[in-house]
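Protein chains in written order, with our numbering: chain P, 26 to 252; chain S, 26 to 252.
No lab work stands behind these hints: they were computed from the structure.
Incorrect hints may have been included.
For chains that are exact copies, the list does not tell them apart, and a pair is met inside one copy or across any two.
Simulated crosslink set (PhoX-like; lysine-lysine; CA at most 20 Å straight-line) [as the list claims (entries may be wrong)]:
(1) 151 with 50
(2) 101 with 156
(3) 40 with 135
(4) 83 with 50
(5) 50 with 101
(6) 83 with 161
(7) 161 with 101
(8) 40 with 50
Protein chains: 2
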Amino acid sequence: MGNRLEPVTRHHDEKLQEILKTSAKIFAEKGFHRTSIRDIARAREMSLAGLYYYFRTKEELLYLIQERCFLNLLQKWERAATADMDVRSRIRVFAENHLGFFLHNMYEMKVMAHEDESLTGEFQDKILVLKRRYVKVLMDLITELGNQENGQGVDARVATFSLFGMMNWIYTWYQPKRDLPLPELINQMLRIYFFGILKGGAIQEAWFTSTNSGTGKEAFSLWQNSP
Amino acid sequence: MGNRLEPVTRHHDEKLQEILKTSAKIFAEKGFHRTSIRDIARAREMSLAGLYYYFRTKEELLYLIQERCFLNLLQKWERAATADMDVRSRIRVFAENHLGFFLHNMYEMKVMAHEDESLTGEFQDKILVLKRRYVKVLMDLITELGNQENGQGVDARVATFSLFGMMNWIYTWYQPKRDLPLPELINQMLRIYFFGILKGGAIQEAWFTSTNSGTGKEAFSLWQNSP
């Protein structure tokens, strides 16, 4: 039984991924509230009935997009960060993971930034839990760094959301053809964040060489199984 | 004639400001496309005919909100920056101006972040001109700083939009009751941006004392004439 069901389940999941990818693109371009299920059906060349086999409401689609993003980010982070890294390296890996993921999933990035208030009820609660868990990872790292440095540190919330802000704002300005390629972009942002723009962040280069962990396209696309 | 007209004009402008302020709040909460002119009429306790005396379309409202923001920001910046300041101080003043303005106009901040693609045609073109002019102010300052430092500098676009990102992201997380008051928030963000989070940005404190220029509430509200 299990063997016979498996291909069907995998097919279902791949199909759902394609639908979510298309939906994220349309939500990003038209906005969630202005998008109709009909728009998505048209783009995917599916019937409405065919679409509704994979989800029940438009809101569930938005929920599934956001859930996959957070689960993916958390999973990749847990794989990338190892116990032997010092806290600065772990912050760097977190940022590489976050930026790399979103640069390959820009529509999802925009949807998450713009539609974080479009979910209601249980969907909203569940995403909030994931979001808090994800934010807490970075805030804990920054608090740990602050304790180590033992200086008149920076407020952990300001430091945490400053980094998220730098990174998440990218969807508003980044043009792949005009701007730096991903590894350099990450490197420059982290130099600013760790060392500041004075002297162009050029301090302690030694430990700052990028690990290049997971900056490849394959590793990052949320939708690697899709065409 | 001029004297007799003036009070009428001033009244017209004050009334329009109130309408724009209310519209920004509703656009921020419901989204531009989901807001109807009826929503605004209800909130302002005005008739539809009364409202349409001040503007012609909902899109014009959005345009006027964005135009006022950019003109206000540019005007305040030109007043605040003086020729005798070094480039670092001018960057600090730019950031103080930007953050101070938006912390007192959070609805407008959110509308500008979320609805920058909702304008079309001439409205869109005009706002784009203002936006580019505003972004160019900061980018020129950062380029000047980079030339002075003469190091293997940070990319000007990355540095410029990193600062905008840190600042503009605030509308997603800042809670006045929980977080640092405005002058400290600005100070901390600038310490991160100039010196980095390592050592909590605690370098060269001497020149870094806030100028406190225009961090008062009065100086910053876009709608100072409104109740």
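inquiry  = If the cut is 20 Å between Cα atoms, do residue 40 and residue 50 qualify within a copy, between copies, both or neither?
reply    = So residue 40 and residue 50 pass the 20 Å test inside one copy only (16 Å; across, 40 Å).
message = One pair to classify: residue 83 and residue 161, alpha carbons no more than 20 Å apart. Within, between, both, or neither?
response = neither (29 Å within a copy, 40 Å between copies)
ask   = Given a CA cutoff of 20 Å, do residue 83 and residue 50 count as a within-copy pair, a between-copy pair, both, or neither?
value = within (14 Å within a copy, 26 Å between copies)
Residue 151 and residue 50: within-copy, between-copy, both or neither at 20 Å Cα = neither (23 Å within a copy, 27 Å between copies)
Status of residue 101 relative to residue 50 across identical chains (alpha carbons, at most 20 Å) = neither (23 Å within a copy, 38 Å between copies)
query = At most 20 Å between C-alpha atoms: does residue 161 with residue 101 qualify within a copy, between copies, both, or neither?
reply = within (16 Å within a copy, 37 Å between copies)
ask   = Within a copy, between copies, both or neither: where do residue 101 and residue 156 come within 20 Å Cα-Cα?
value = within (15 Å within a copy, 36 Å between copies)
key: Identical-chain pair category, residue 40 with residue 135, by Cα at 20 Å   = neither (22 Å within a copy, 35 Å between copies)
In summary, the structure is inconsistent with hints 1, 3, 5, 6 from the numbered list given earlier, while agreeing with the others.
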